[in-house]
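Q: Taken in sequence, the protein lines are chains A and B. With my numbering applied, the first sequence corresponds to residues 1 to 534, in that order. With my numbering applied, the second sequence corresponds to residues 1 to 191, in that order.
Hints were generated in silico from the structure; no laboratory data involved. Glycine included, C-beta positions come from ideal geometry on N, C-alpha and C. Wrong hints could be hidden among the right ones.
[As the list claims (entries may be wrong)] Pairs of lysine-lysine, DSS-like flavour, derived with a Cα cap of 27 Å:
| # | chain 1 | residue 1 | chain 2 | residue 2 |
| --- | --- | --- | --- | --- |
| 1 | B | Lys80 | B | Lys127 |
| 2 | B | Lys80 | B | Lys64 |
| 3 | A | Lys532 | A | Lys25 |
| 4 | B | Lys64 | A | Lys532 |
| 5 | A | Lys202 | B | Lys5 |
| 6 | B | Lys64 | B | Lys127 |
[Claimed, not checked] Derived contacts from chain B toward chain A, CB cut-off under 7 Å, selection only:
| # | residue |
| --- | --- |
| 7 | Ala7 |
| 8 | Val11 |
| 9 | Val13 |
| 10 | Met22 |
| 11 | Ala28 |
| 12 | Leu29 |
| 13 | Met86 |
| 14 | Trp107 |
| 15 | Gln111 |
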Amino acid sequence: MATVDIDLPHVKDHDHDPHHHGPAKGLGRWLFTTNHKDIGSMYLIFSLCMFLIGGLMALVIRAELFQPGLQLVEPEFFNQMTTMHGLIMVFGAVMPAFVGLANWMIPMMIGAPDMALPRMNNWSFWILPFAFLILLSSLLMEGGAPNFGWTFYAPLSTTYGPPSTTFFIFGVHIMGVSSIMGAINIIATILNLRAPGMTLMKMPLFVWTWLITAFLLIAVMPVLAGVVTMMLMDIHFGTSFFNAAGGGDPVLFQHVFWFFGHPEVYIMILPAFGIVSEIIPTFARKRLFGYPSMVYAVASIALLSFIVWAHHMFTVGMPLVGEVFFMFATMLIAVPTGVKVFNWVATMFRGSMTFETPMLFALAFVVLFTIGGLSGLMLAIAPVDFQYHDTYFVVAHFHYVLVPGAVFGIMAGVYYWLPKWTGHVLNESLGKFHFWMSFVGVNITFFPMHFVGLAGMPRRIPDYALQFADFNSIASVGAFIFGLSQLIFVYNIIHNARVGEKATAQVWDGAHGLEWTVPSPAPYHTFSTPPKVD
Amino acid sequence: MRDAKQANTRVVVRLGVTAVLMFGFGFALVPLYEVFCDITGLNGKNFGRGDVAALEVDRSRTVKVQFVSTNPETMPWEFKPVERSMRIFPGETHQTAYFAANPTSQWMVAQAVPSVTPAEAAQYLTKINCFCFDRQPLDAGASQEMPMVFVVSPELPAHISTITVSYALYDITASEPVALQDKTKTGSQLL
């Protein structure tokens, strides 16, 4: 954070106004709540459930791939697993987790009493479980769940899709509506409810990254809704958007999908950039290096994300000019990303660093996300992409940016802010145990995938050639280490969040910002009268 | 408080309208994509069709035109070019044909979708008449030769010496109106 000096005592009494009561009792509290903290908690719990379900599916995939040949599941079911794993992790785990963190933290970070549109906030959460019930129920339907990969390329998902595709489309529509409402709410909160004196360039970086992410969501989620609507019309209403026989074009699907899809991958990483930019200064006990350049870097990454989509489809038979354009535009993104990594490292340089659990996750984020970024640069090179395309190298790349990227970012955020939410310090030893198991597990799982990918192992297959056997069994062992270590996380949250040591208001001794001026646990209503920020 | 409400409403309206516009933009990408391909000549789809004034024949070089056919796995017809390739002078009008046979016991309708490689050559290939302009119905067990008349413009860049014309044949019986199916079944093939 740049220069926020807060003229408040460290522990501010929460409002004793009689009509500002505490939470209602029973189930009604959760169904009808408009409180940003309640809704934030529900988002986070929902996303944890989805993370575990999606993780279970990943373990089915890795168990089948432990050895070549078909051992555990039918190829058809394997395809459903890869598809559902992707959809659930992207739309059910990562995105709702960031929205949950935004709900909890943004009002407290900018000194607002709640989100700007509390009723819409309730609505945008509560339609989400239904979207995923619909999606998950397709597993039990005749013909099985969607099996065409999370990218649902036409005609796999139109001409050849299972009957449950229609349920999938409906589910995606609901998720899209939920995300758009969430994004509108976040923008309205940030633009209208900042405490007096909290100018845009004084906002914490987490708030900045979310503001930009919310604009990305509003720009691209409707395009996703559009592309699934076109699919729906092709399947049921006889149109031919993606059907060559009727004058349509399957390649068009890929263009429209990735026009959504590329900004989407930044939607999943920008808030993590924000979280890490909060944590590193706290534990390095220094101000964030280059705050304005961080803001501009995030904004330029967001803008560039709209002109690089075709790097996902170099092999469709694009003209050379197109490949060159998308190749260089993609490489350009490395510049603002490099600025961010440089600033994080510069923040740590000569800082008084300590290595509590949130900091460990943040550091792992910086290192491992950079590895994922570098393999991304390799994939951006159009001529070599013809070799890498649709191999495990791509799987390794996007898991490096999503698991130790987005997921570690979320976990860092949870470890960092949970004491503020529950009022109890998490068990550091368990946290560190969880970190090291996850760190080792992630690398054992995904690093060998680079090698099998470069050697030519295609993605989304249940069986593979013998020469890939060793690396695949190593990856599967890593996946189980990573998967099981998440149980430590769940235990640590549930158990220690209730009985752990009491947390102080500031929690971490290097922490600065408005959220650390309210008591821990944060009272049900905070900043009913706005604080003054100089 | 009132001001805050108004400010919120303003943000909601603006962003809501943006979301609706972006939904529309998703659909606008469809025609934009076609227009973009038309202007740039990408995708090998935008060849001319219809009549061309008699062109001056360029007898200083010949161009090899290859014909290929593709059946998607769901299409049971036999479908192949009568001539696999021909050598022509640019500017000369030529006729060739594709052979199609419906081996099933059902009346079926097919639609051929053309594509030209290299894409750069597409705009120099004009089809004066082509079976791909119309739907092609065939009775059960019937077969036919489907003609195609084309000309390659003499303006074809010198570095292109081979043009490949590919047709993919799709089964579109399901999308034919039922009334029309009955009519054609009784023998009067309108299409």
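Q: Work down the list of hints and note, for each, if the structure agrees.
A: Quick rundown of the hints versus the structure:
no.: 1; hint: Lys80/B x Lys127/B; result: holds, 18 Å
no.: 2; hint: Lys80/B x Lys64/B; result: holds, 18 Å
no.: 3; hint: Lys532/A x Lys25/A; result: violated, 33 Å
no.: 4; hint: Lys64/B x Lys532/A; result: violated, 79 Å
no.: 5; hint: Lys202/A x Lys5/B; result: holds, 24 Å
no.: 6; hint: Lys64/B x Lys127/B; result: holds, 16 Å
no.: 7; hint: Ala7; result: holds, 5 Å
no.: 8; hint: Val11; result: holds, 4 Å
no.: 9; hint: Val13; result: violated, 10 Å
no.: 10; hint: Met22; result: holds, 4 Å
no.: 11; hint: Ala28; result: violated, 9 Å
no.: 12; hint: Leu29; result: holds, 5 Å
no.: 13; hint: Met86; result: violated, 25 Å
no.: 14; hint: Trp107; result: violated, 17 Å
no.: 15; hint: Gln111; result: holds, 5 Å
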